[in-house]
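Single-letter residue listing:
2 protein chains.
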Amino acid sequence: MSTTNSLDTLIQALRRLPGVGVKSAARMAFHLLQHDRAGALALSQALSQAVGSMRHCARCHTFCEAEVCEVCLDPERDATRLCVVETPADQSALERTAAFHGLYFVLMGRISPLDGIGPNDIGLKKLLDRATDGVVQEVILATNFTAEGETTAHVVSEALKNRGLRVTRLARGVPVGSELEYVDLGTIAHALADRR
Amino acid sequence: MSTTNSLDTLIQALRRLPGVGVKSAARMAFHLLQHDRAGALALSQALSQAVGSMRHCARCHTFCEAEVCEVCLDPERDATRLCVVETPADQSALERTAAFHGLYFVLMGRISPLDGIGPNDIGLKKLLDRATDGVVQEVILATNFTAEGETTAHVVSEALKNRGLRVTRLARGVPVGSELEYVDLGTIAHALADRR
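Chains as they are written, first to last, in this note's numbering: chain G, 864 to 1059; chain Z, 864 to 1059.
It is possible that part of the hints are untrue.
Same chains, same label: a pair holds when it works inside one copy or across any pair of copies.
Straight line, CA to CA, 20 Å or less: simulated EDC-like cross-link-like pairs of lysine to aspartate or glutamate [claimed, not checked]: (1) K886 with D953; (2) K886 with E958; (3) K989 with E958.
Derived from the structure by calculation, the hints contain no laboratory data.
Extracted from the complex, chain G is given alone in its bound form (with noise of 0.2 Å):
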């Protein structure tokens, strides 16, 4: 091996993100540091950055560097309503459709029972109290439609429902576009059921 200790440390850093094995480590170690330098210093300097200031919403929890994030302290927002949902990813996806007005509340997680992860582990208890500030009237839960998703939609709902909370769920059904021959079976199902 010719390769020496900092092109070792790099590949092994490389390796912490989710979804990058050796080679695909290696693979981006070897481009980084032959044709995109810059690029390197650029992330160097963004992973340093981002961890130095960003920080959770105090309301929302999602991250951003001030106290409390844009969305939160937009006045224009309907504070009657409040989107639960697992990641920023998912809220940015919301945002996307221009369907929804109100505000969020970013659990950053799910409950994953085979992973440790629990109700107090994503915050049950931050939105509970966020949720019970007097002005929020409607609940809608936007986890994912995954196990995870569906538990994690569950126990917070029955969290919600004993203080008394208007609960939603988003609807389940077929994808828009979609040809039915091609779309899974519990999804009809749960169309059929919820047919409007």
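Using the hints provided, position chain Z relative to the given structure of chain G.
Below, chain Z without anything else, positioned relative to chain G:
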């Protein structure tokens, strides 16, 4: 959008990694900031460290921190055989076989006219100087068996043969452990032609 500047900057920087699109970059940024800030700092450090210290071996052109890499300095190696590879990863693959005890020359790329990469960009002149040091007797071309790798092998081979060196190429044939039925026809044809 609740994402703020240093998060966007990080996502953009991660996209410069090969094979990483905007969704993967967002997932990586989220993972690092939410679950592995130590990993983010380690990666930041490893990147700036590697960019600062990695340069090219004066003899074989691979990445190394010293003037000449460990392989080139190893007196146990057979200096009469020089193996030409495209990348340090290819060199590692050959080293892991423990079947080659000569020295290497790492092109750090391949000739690829479509990408504007010609013979000068892969250090052909440096290779010719290296191979005509009076000690090297055989040059083994171990570039990849892709269109670009074959082109590179052809160009390098012609240049070296003009200087009276013995030039060989890794054997093409049926991979060990494979069933003929599933091997592509070009490979079988080459294996037939090169039968022994």
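Quick rundown of the hints versus the structure:
no.	hint	in the structure
1	K886 with D953	between (30 Å within a copy, 11 Å between copies)
2	K886 with E958	between (36 Å within a copy, 15 Å between copies)
3	K989 with E958	neither (22 Å within a copy, 54 Å between copies)
Of the hints listed earlier, the one the structure fails to meet is number 3.
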